[in-house]
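Participant: The residues making up each chain are set out below.
Number of protein chains: 2
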Amino acid sequence: MKGNVIVGQSGGPTAVINSSLAGVIKAAKKNGAGKIYGMHHGIEGFLKEDLIDIDDYITGPDDLSLLRRTPSAFLGSCRYKLPQIEGNEDVYDKIFEIMEKYDIMYFLYIGGNDSMDTIKMLSDYAAMKEKPQKFMGVPKTIDNDLPLTDHTPGYGSAAKYIATSMKEIIRDNESFGAAKPTVCIVEIMGRHAGWLTAASVLSRGEDCDGPDLIYLPEVPFDLDDFMEKVKHLAETKSSVVIAVSEGISLADGRFVCELGNSNDYVDAFGHKQLSGCASFLANKVTQETGLKSRAIEFSTLQRCATHMASRADVTEALDVGYIACEAAMQGQTGMMVTIQVNSREPYMVTYNKYDIHEIANVERKVPHDWIINNGTYVSDKYIEYASPLIIGTILPYYAGGLPRHLTLKNKAKK
Amino acid sequence: MKGNVIVGQSGGPTAVINSSLAGVIKAAKKNGAGKIYGMHHGIEGFLKEDLIDIDDYITGPDDLSLLRRTPSAFLGSCRYKLPQIEGNEDVYDKIFEIMEKYDIMYFLYIGGNDSMDTIKMLSDYAAMKEKPQKFMGVPKTIDNDLPLTDHTPGYGSAAKYIATSMKEIIRDNESFGAAKPTVCIVEIMGRHAGWLTAASVLSRGEDCDGPDLIYLPEVPFDLDDFMEKVKHLAETKSSVVIAVSEGISLADGRFVCELGNSNDYVDAFGHKQLSGCASFLANKVTQETGLKSRAIEFSTLQRCATHMASRADVTEALDVGYIACEAAMQGQTGMMVTIQVNSREPYMVTYNKYDIHEIANVERKVPHDWIINNGTYVSDKYIEYASPLIIGTILPYYAGGLPRHLTLKNKAKK
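Keeping their order, the protein sequence lines are chains A and B.
So in the numbering used here, spot 71 of the first sequence is number 71, and the numbers just go up one at a time.
So in the numbering used here, spot 283 of the second sequence is number 283, and the numbers just go up one at a time.
By construction, these hints were calculated from the structure, which means they are not laboratory data.
A hint or two may mislead.
Since the list can't tell identical chains apart, any single copy or any two copies may satisfy a pair.
What the hints assert, rightly or not - Straight-line C-alpha distance at most 27 Å; calculated BS3-like pairs for lysine-lysine:
#, residue 1, residue 2
1, Lys-48, Lys-180
2, Lys-180, Lys-284
3, Lys-129, Lys-94
4, Lys-129, Lys-229
Could you put the whole structure together from the sequences, leaning on the hints where they help?
Facilitator: See below:
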C-alpha cells in the first residue's frame with residue numbers, strides 16, 4: 001500500500017479527457033495505490049472536501065471502456081486559479097490538510113495552462129514546506145497551446161471533428177451551385193492560438209477542396225483585404241467556405257467579434273468569452289455584396305464530440321494519464337508528461353516528463369512560417385504535422401441508436 | 001430497353017438524399033432502363049440541358065456504397081419552383097422537348113413539398129397533353145413535414161445527429177457544476193414544423209436528463225413565461241439546456257428571431273431565412289439574470305452529418321428511391337412513395353404510393369396533443385414515434401482519418 005491517489009479534471013472539457021482519467025485509474029491500480037479519489041469539480045471541489053470514491057463508479061474494464069467513450073469531464077471540471085502562495089498560505093495549508101486527512105500521497109491534475117499552474121504552485125509549496133506528497137500534471141486541451149509537447153491530448157479529436165464537419169459543410173454549401181452562390185463562414189475555437197482553425201485544412205483531399213481561406217489569430221486580420229478576397233472568390237466559385245478563429249483581431253488589437261454588437265462575458269481567469277466574429281463577417285459580406293451568407297459556429301460541439309474521437313488521440317490521452325500517475329507513485333513530482341513524436345510516417349511516439357516551471361502559463365502558437373498566402377491559409381508543414389493525429393476511430397457503445405455515456409448519476413452495482 | 005431515366009435532387013440536402021439516388025439507380029438498372037441521366041442542380045439545370053450521365057461516375061457496387069456515405073446532393077440541388085401551367089406552357093413544352101430529345105421516359109424527383117409540386121405540375125401537364133412520360137416523387141426532407149407518409153427519409157438521420165449532439169452538449173454544459181451555472185440554448189431547424197426540435201428529447205435516457213425545455217413552432221412562444229421558467233430552473237440546477245426551433249413566434253405572430261437585430265434573407269420560394277433566436281434568447285437571459293449563457297445553432301450540420309446517419313433512415317431512403325423508379329418503369333405516374341409503419345416495436349414498414357395531388361404543398365406538423373407542459377416539452381407519444389427512426393449506424397469509409405465522399409469531380413475510371 002503506497003497511500004491514496006487523487007485525480008482532478010480542470011478547464012474546458014475535451015472528447016478524451018476521460019481517457020486520461022482512465023489512464024490514471026489504471027496506473028493507480030497497477031501500482032498498488034490505496035483508494036483512488038476523484039475531485040468533484042477539480043481543485044474547487046477539493047477545497048470543499050467534495051471527493052468521489054472512484055470505486056463507487058468504476059469497478060472493471062467495462063466501466064473504463066464506457067468512460068473512454070464519455071465526453072466532457074466525468075468528475076466535473078472547474079475554472080479555479082489558485083492564488084499566489086505569498087499571503088495565501090492558508091489556502092495551501094488547507095489543501096495539504098485535506099490530503100493528509102485522506103492519506104493522499106499522489107495528486108494528478110488533468111488540464112491545460114491554468115491547471116499546470118496549479119501543479120506548479122502545489123509542488124513548489126510542497127518543496128518549500130518539505131511535504132512528501134507528489135504532484136503531476138496530465139496535459140489536456142483542444143487548444144493545443146501547451147509548450148514542450150508535440151501536441152496535446154484532446155487536440156486530435158477536436159481536429160478530426162472540425163475537419164469532418166468542415167468537409168460535410170463544404171459538400172452542403174456546394175449543393176446549390178452557381179444559381180445561389182453562398183459564402184459560408186465557420187467560426188472555430190482558439191482565442192490566441194490557431195491550431196483548431198488550422199485543422200479545417202485537413203478537410204482538403206481528392207474529394208474536397210477544403211476551405212478557401214483560413215484565418216488564424218496569430219496574424220492581424222485585414223478586413224478590407226478579406227472583403228476583396230471574398231468578392232474575387234465569389235466571381236469564380238459558386239461556393240465559398242472560410243474558416244476563422246474566434247480570436248482574430250485587427251492590427252490595432254480590436255477583436256473582430258467586438259466590431260459587431262455581440263454580448264461579451266469574462267470568465268474567472270479574466271478570459272473574455274468571444275463569440276460572433278463569423279456572424280459579423282457574414283453580415284458584412286451580405287450587406288456589401290448582396291451575396292447569400294451563412295455563419296456557423298462549432299461552439300462546444302468541437303470539444304465534446306466523443307462520437308468522432310480520434311483513436312490516436314484516445315490512446316495518447318490514456319497513456320499520458322497512466323505515465324503521470326505511475327511517475328508520481330515512483331516519487332516524481334512537479335512535472336507534466338509530454339508527447340514526443342519520433343516519426344510522423346509511420347507515426348511513432350514516446351513520452352517524456354518536463355519540469356512544470358517550463359510549462360505553466362506558456363502559450364504555444366502556430367509557427368509563423370506555417371501561415372501562408374498573406375495570412376489566409378496554412379502550409380503543408382501543418383498538414384504533415386496534424387495528419388497522423390486524426391487517424392483511427394473509437395466506436396461509441398450504442399443504446400437506442402445513441403452513444404452511451406458513463407455518468408456520476410449511475411453508481412456501479414457492486 | 002424501356003427508354004431512359006432521369007433523376008434529380010431538389011431543396012435542402014439531407015444525410016441520406018444520395019441513398020435515394022442509389023435506390024433509383026439500382027431500380028433503373030434492374031428494370032432494364034436505357035441510360036440513366038442525372039439533372040445537374042435539379043429542374044433548374046435540366047432546363048439548361050445540364051445533364052449528367054450516371055455511368056460516367058457510378059460503375060458498380062463500390063461506387064454506390066460510397067454514394068450512400070456521401071452527404072449533400074451528389075447531383076447538385078436547386079430551389080426552383082415551376083410556374084403555374086396556365087400562361088407558362090412554353091416552360092413545360094421545353095421540358096418535354098428535352099425529355100424527348102434524350103429519349104427520357106421516366107422522371108424521378110427527390111425532394112420535399114416544393115419538389116412534389118414539380119411532380120404534380122409535370123404529371124398534370126403530361127395528362128393534359130396525353131404525353132407518355134411518367135413522373136414519380138421520392139420523399140426527402142429533414143423537416144419531416146410531408147403528409148401521408150409516417151415520416152420522411154432524411155428525418156431519422158437528422159434526429160440522430162440532433163439527439164447525439166444534444167447529449168454531448170448537455171454533458172459539456174454540466175461540467176462546471178454549481179460554480180458556474182450556464183444556460184445553453186440550442187437552435188434547431190424547422191420553420192413551421194417542430195419535428196427536428198422535438199428530436200432533442202431523444203437524448204433523454206438513464207445517462208442523460210435531456211433538455212429542460214423544448215419549444216416547437218406549433219404553439220405560440222411566451223417570452224415572459226420562458227424567462228420565469230429559466231430563472232426557476234437556474235435556482236435548482238447548475239446546468240440548464242433548452243431546445244428551441246428557429247421558427248418559434250409570439251402570439252402576435254412575430255418571430256422571436258426578429259426581436260433582435262439579426263440579418264434576414266428571403267430565398268427563391270419566399271421563405272425567410274431565419275436565424276438568431278437562440279442568440280436573442282441567450283442574450284436576454286444574461287441581461288436579465290446575470291447568468292452565463294451560450295447559444296448554439298446546429299445550422300447545416302444537422303442536414304449534412306452523414307457520418308452520423310441512421311441505418312433505418314439510410315435503408316428507407318434507398319427503398320423509396322427504388323420503389324419510385326420501379327413504379328414509373330411499370331407505368332405509374334403522378335405519385336409519391338410513402339412509408340407506412342406497421343409496427344414500431346419490433347419496427348416493421350411497408351411502402352405505399354399516393355396521388356401527388358394529396359401531398360404537394362401540404363405541411364404536416366407535430367400533433368398538438370404531443371406538445372405538453374404548456375408548450376414547453378414533448379410527450380412520450382413522440383418518443384415512441386421517433387425512437388425506431390434513429391436505430392443503427394452506417395459507418396463511413398475512412399481515408400486519412402476522415403469520411404470519404406463521392407463527388408462529381410471524380411469521374412469513374414472505366
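Participant: For every hint, state whether the structure bears it out.
Facilitator: The hints, checked one at a time:
1. Within a single copy, Lys-48 and Lys-180 get their C-alpha atoms only as close as 57 Å, which misses the 27 Å cut-off; across copies the closest is 16 Å, which meets it.
2. With identical chains, the CA atoms of Lys-180 and Lys-284 are at most 27 Å apart within one copy only, with a shortest distance of 18 Å there and 34 Å across copies.
3. Proximity of Lys-129 and Lys-94 under a CA criterion of 27 Å is satisfied intra-copy only: 13 Å inside one chain copy versus 90 Å between copies.
4. Taking the shortest alpha-carbon separations for Lys-129 and Lys-229, neither the intra-copy value of 60 Å nor the inter-copy value of 51 Å comes in at or below 27 Å.
Going down the numbered hints, you'll see the structure goes against just number 4.
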